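Participant: Residue numbers (our numbering): 1 to 91.
If you are wondering where the hints come from, they were derived from the structure by calculation, not from laboratory data. Predicted model, so just to flag it, every value in this text is computed and none were measured.
Distance windows between CB atoms, simulated: (1) 55 - 18: 19 to 25 Å; (2) 65 - 37: 33 to 39 Å; (3) 10 - 34: 34 to 40 Å.
The beta-carbon is built from N, C-alpha and C at its ideal position, and this holds for glycine as well.
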Amino acid sequence: MSAPEPAQRTRRVFFALWPGRRLAADLAAIARERGVRGRAIPGENLHLTLAFIGPVTDKRLRELQGIAGSVRAPAFDLLLDRIEHRPRQRM
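Make a model of the complete structure from these sequences and hints.
Facilitator: Laid out in structure tokens, this is it:
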């Protein structure tokens, strides 16, 4: 009988769009002006999640980073026309 494999460390990952510092500050100011309730997110953590991947090993994370790094697409404009608050997700 062989020994069981050691548990592999995983981390939860997702693909997201991250605004620049100025845009993040502008978005935070708009949220304050509009009286958006909820926990304020620090500017450096503000993002738009595109796809939640879930728990992955370090090896798989490197593979995903390689795949993501090979994606090529032209620049585009994205119109966000509302602000919403979602309760903290427990995944």
